[in-house]
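So the chains spell out like this:
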Amino acid sequence: MASNSSGGSDRQRVAQQRLRIITGHLQGREDGDSTIIAAECKAEGSQTDVSREEGKTVPRRRQEIMKWNGWGYSDTKFLFNKKGQAEFTGKRYRLSGMIIPALKEWFEGTFGASLQHKSPAAPVLNSGAVQPPTLNEAFLEELKSTGIPFSHDAEDRVYRAHGHCLHEIFALREGKVGRVPDMVVWPNCHDDVVKIVELACKHDVCLIPYGGGTSVSSGLECPTEETRCIVSVDTSQMNRILWIDEKNLTAHVEAGIVGQDLERLLNESGYCTGHEPDSMEFSSLGGWVATRASGMKKNIYGNIEDLVVHVKMVTPQGVIEKSCRGPRMSTGPDIHHFIMGSEGTLGMVTEVTMKIRPMPEYQKYGSVVFPNFEQGVACLREVAKQRCAPASIRLMDNEQFKFGHALKPQVSSMFTSFLDGLKKFYITKFKGFDPDRLCVATLLFEGGREKVLQHEKQVYDIAAKFGGLAAGEDNGQRGYMLTFVIAYLRDLGMEYYVIGESFETSVPWDRVLDICRNVKARIIGECKNKGVQFQPLSTCRVTQTYDTGACVYFYFAFNYRGLSDPVHVYEQVERAAREEILANGGSLSHHHGVGKLRKEWMRETVSNVGMGMLQSVKDYVDPKNIFGNRNLL
Amino acid sequence: MAKEIAAETGSSVEEVREEACEILEEMSQNLQLKCIRLMGFTMTKVLKRLYSGIFVNMEGLNMLQQSIQEHPVILMPNHRSYMDFLIISYIMFTYDIPMPFIAAGIPLSGMKLVGELLRRSGAFFIRRAIGSDKLYWAVLSEYVRTIVKTGIAPLEFYVEGLRSRTLKSVMPKLGMMHMVMEPFFKGEVYDITLIPISISYDRVLEESLLAHELLGIPKLKESTMALLKASKVLQEDYGSMHVNFGRPMSVRHLCEGKINRCQYNLVPRDLPQKPSAEVQACVSWLANLMVRVQEEGSVMGPWALMACLLLQAPTIVLTEEGLPWQELTDKTLWLRKLALDFGARLNWPSGQGQAPDTDVMSSTVALHGSVVNRKAGRVFLVQEKEPVRNRPISPEEEMISTAAAVLMLASYRNMSLHIFVRPALLVTALHITKTTQKDELLAFFCFLQDVFSNEFIFIPGNSSQDFEEACFLLKKCGAVHVSEQEVTVSDAGLEVLSFLQALLQPFIDSYQVIFRYLCENEAHVYAEKQFLTAVRNLATELILSGELHTYEALSSDTHKNVLSALQRLDTVTKSRASEQNEYTVNKAAVRRIDDVLSGKIPPQMLHTTPEAKL
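Residue numbers (this note's numbering), protein chains in the order written: chain A, 1 to 633; chain B, 634 to 1247.
No lab work stands behind these hints, which were simulated from the structure alone.
No experiment lies behind these values; they were computed from the predicted model shown.
Fair warning: there could be bad hints in the mix.
With a cut-off of at most 25 Å between alpha-carbon atoms, the simulated SDA-like pairs for lysine to any residue come out as follows [claimed, not checked]:
no.	chain 1	residue 1	chain 2	residue 2
1	B	1207	A	371
2	B	667	B	651
3	A	423	A	371
4	A	530	B	883
5	B	907	A	605
6	B	782	A	605
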C-alpha cells in the first residue's frame, strides 16, 4: 500500500537499501564478533539470493532499516521542527516530508502537553545492559553443522525480545532490557525449521517463533521464569511465493513473508490476497495464522481463517497438515483451528496455501459525516443488515474525527483551503451539525467500476436515511492513512510525556453503543482515580461489521507528567478497560490475540472444559514445552 | 416477548399487544408543566399553613444538581406520609431541578381528579403484588428501563415499597430496585446515582389514622372524598419538616466486585431474566444499605426521645396518675446526651428565655397535644373521646383507645430506634445469656438480628461490623468494658443498660406471645386473616388479665413481621389456597427459637457463623 506509490523513487530506495545491507555485512565482519554464518538452503544458489533480497523489505539484520525502540522504519518519524510545526520525515508514505500545521495545537490542547517538556529516549542500545546469552553448547554445535545462520549478537537478540506493547517500548526507550532470547536463528525454508525443531527437542531448548515483531499482546516477551536457552526463530528469510495456481486461484507462500511484500509480489502477477491488517507493512503471514488476524478489507476477502486453504506447521511431534486442498471438509473438527490462534505455543507455521483474487479493477475512497455517533452506528448496522458493506467501512467517533483533522497536511493552494472552509461552514452552520458531536465514517469500495459506483450509491442512500452527508474521498483516504501512521505518532507522543495504546474487541450490535460509551467513560474515570493529572484521550471507532456484531477499536492516551510509575498506571487503566469490555458483552480479542497480556481472562472466556481441551492438545503436541513462549494458556 | 406470552396463555398476539397497551395507559405519567405550576402554587399555600418550617440541606441539593448532569439519578426517599409524595416534587420545582418521575401505588390513580393531577405532575402508577403477571412485569420493567436509560429526569421511588405504618423503616422491597438497577447490570448506562433522601416530620399528618389501622380498623381507600374530609387537618399545626438529600451514591462503585455483569452476555437484554442468586443478594444488600443511609440522614426531634421515655413508664401510670414533668424533662436531657454520643442527628431548636431546653420540651408536648397533655406538672396520655354513646364503655373499648394512643407514641419512639437498636441488641444479649464471652455474645447478637430483621433494618452480611459498632458505642458511653475476649457490664452504665433493654422489651414480649400462640395451639395450618384476629384476641386477653404489659403486641404490623420472620427462617411455609394465604407451622422449630429467645438454650448451642446464616 504505502511503498508502491511511486515507481521511480522505489528503485532508488532499493538501491540505497542494498548499499546499507552490504555495509552492514562488512561492518559486522570488521567488528570481529561476526556470528552470522551465511549458508542458504540447498535449493537456493547465491545468485538468486541476491536478486531475491532486492524485492524484500525485511533484511536479516532488522537494525539496518528499523528502529530499535519505536515503530517502523528508522528514516520515518514525526517530529516538531524548529518552528514548532509537526513534520513527518522520510519518503515512504504519502504524508512523508509534509508539514502538518494543526497537529501541534491538537496535541497540546488534547493532552495538556507542551513542547517545552520533553521525555527523550535513550539514544542508542547499550549492549552492556543486555545479559550475556545462556547457550546450549550441544545444540549450538549441531546447529552449526546444519549450516543454518544464527547469531547471539546483543542487538539481534534485543530486536526479537519484544513486540509493540506500550510497556515494552517504554522500557526500551529508557534503555532497560529484560530477559531476551539467547540466540536468533534464520531458517531459510521448511526443512530448516524441521531441523531446528528436532535439535531443540533433542537438547531441550526453548523456541520462540518470530515473524514481523508487531505483537501487541506481550506474545514475544520471553518468560522470565524460563531457564533454558531461548532461541528466537526468525522467519523473515522464508519469504518466497513458491507457486501460484491460477486455475484454482491459490498461492503457496512461505510463512515469513511480510504483508507488503506478499501483496506487491502478487500484484506483479495481477493478483492480490486482499488481506490488509493495519500492521501489514511489517507483520508476517505466519503471524497472521498464529494469531487469527483480520484484515481491513475482510468484507470482500475474508479474515485469515477464510483465506487459508492449507497450512503446514512443524511441531515437536512432527509436521501437521491436511492431505488435500479441498475447499471444505467434513472430517471432524478442523485441525486448522488448532493451528490458527495457537500463538506459537504448538509449533511453527512454515508454508501456507491461501486464496488469491484478481486485482480489483477500480478502487474508490469515500466518507460520510453523521450528526452523532449513535446515528453512525445505526447506519453501519443497517448496512450490515442489508449485507452491502463496502470493502471497508469504519466509523470514527468525534474525538477521532478531530484527531484525523489535526493530521491534515499543509495545503498548497488557496483554493483548497477555501473549499475546506466552505465545506465546514456547510456542515456545521447550514446543516446544523454540532462540531463536538459529529462523527465520520470512512469507506473503501473495490471491484468493477460499474459495480463500485452502484454500490457507492446504495451505501450513500442508506447513510442519508440516518442523517449522513457524503464528505468526499479525501477525508476517507486520510482516515485510512491514519492507521498506518498512528504507531509513528505514539513515538512522537512519547517524546513529550504522552503514552498510549489501542485495543480492540468484538461485540453484538445491540451493545455497540453501550460498550463504546462505557469503556470510554471507564478509561476517563480510572485515569482520574489513578492520579493522572490531565484529561486522557479516550476514543473509539467501529472498524468492522459482521452480520451479528462489530469490531470496536479503542485508542487511549494520556499525559503522564507528575506520575512516578506511568506504565503501571497505564496497565491498570488498560486492565480496567478490558474488564469493562468483558462486562459489556465484548470479546477478549477480535484479532490482536491473547498472548500473555490477556491470559488471565482466558478461562472465563472459553470455560474450564475449553481450557482443558486446549491444554490437552498442548500436552500431546509439545509435552516438553519446547515452544515455551507461554502465550494463551 | 409478546409472542411468548401469547403462546403461554393461548390467546393471540394481538390480544396480548392490546393488553400491554392497556397496562401502559394505566401506568404511564403525563407530565405537563401547566399542571405542575398549578400544583406548585397551591402547594406553597397549603404547606405554609401546615408547617412552621421546611428545612432542606442545600449542600445535598447542590450535589444532586451536580449528579443530574452526569448519570441517571434515582431519588430514594423514605416513606412516612402522603406528604412525601408532594414535597420532593415541590422542592425540585422550587429549585429548578427536572421534575422526577414518581413510582406510585395504583390506588392513588383511582382518586378522581387527584389521580390525574398526580399523573400530570410526573407520577406513574404500579400495581402491587405483580409477582406472577408476566406481561405486566415486562411492560413495567421496560417502562422503568426507558426512564433510567434516557435519563432526562430523575426517577423517584420508595424502596420501602409502602408508607411505614409505624414510622419505622420498613424492610425494603426488591422488585422495583431490581428494575432500576438492571440498566446498569446490563451495561445500558455507565453508572446510576442513587440519592437517599430522608424526610423527617415533627408530627405526621396521618398519625391517628395509622394507629387505628394497626389495631385492625381497615385502611380507607384513597379517594378524593377522603382527601377533602381530611382538609380539616389544614387547621392544625404539624411542626416542621426536614428533608435531607443524602450524598449521591454510585451504583458502579457500590457493586464493584459484587456482580459479574458477564452473566447478561448470553441472552438478549430485552428478555426478562430471572436474576441470579448473586444479583438478588447484591440488590437486597443495596436496598438495605439505602434504607440504613436514609435512617442515618433522618433528623429526630425532642419528641422521639420523649416518646421513648414515656413508653417505658407503665401504661397505667400514664393514664391514671400521670408522669411528673420534671422527671420526664430530666430524663430527656439525659437521653439527648446519649443519643448524641451514639451519633444521632438531633433537631433541638435553641429555645429562648431562662430555661431554653425546658421551653423546647414544653412546646414539643404542646405540638403533640393529640397524644399527651400536661396538667399540673404531670403528663397524661390522651384518650380518644369516643363519639357520645349512652352505654358505658366496655373494658375492651377502653383498651382500644388506650392502645391507639400508645401505638402513636410507639411510632414516634420508632423514629429514634435506628440510633439505639444495635447497642440495645447487645444489651439484650448480655441480659438474656448472662455471659461475658465475646464470641457467644456475637452468636446471640446474630441470632437476634436474624429474628428481628423484619423489625429493624440490618445490612445483610454486616453482622460482625454491627456487633463491633455496638461494643464501641456502649464502651464510649461507659456502659461496658470491652476486651479481646470479653464484654463486661460496668456499674456506672446501669442507667444506659436498663434504658436500652427496656427499649427492646416490647418487641421481645410481643414476639414471644405470638411464638407461644403458634406452639400451643392445636392447628398447624392458619389462614392469614384467622391468624391475625386470633393473635389480637389473645393479646387483648393477656393485657386485660395483666399478664402482658405492652400494648404494642396489638399492632398488626408486628404480627405480620413475625410471620415474615418465621418464613425467612424456614419455620413457617406459605401456600396459596383458594384466594387466601395459608401458613404451615413447624412447631418444634418455632419452639426452639422461642427457647433461645428466653434464654433456655445457652448461646454455646448456637452453632452458626454470622455470615453463613445470611
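The hints, checked one at a time:
no., hint, in the structure
1, B/1207 - A/371, "violated, 57 Å"
2, B/667 - B/651, "violated, 31 Å"
3, A/423 - A/371, "holds, 15 Å"
4, A/530 - B/883, "holds, 18 Å"
5, B/907 - A/605, "holds, 23 Å"
6, B/782 - A/605, "violated, 28 Å"
The structure does not agree with the numbered hints 1, 2 and 6 stated previously, though it agrees with the rest.
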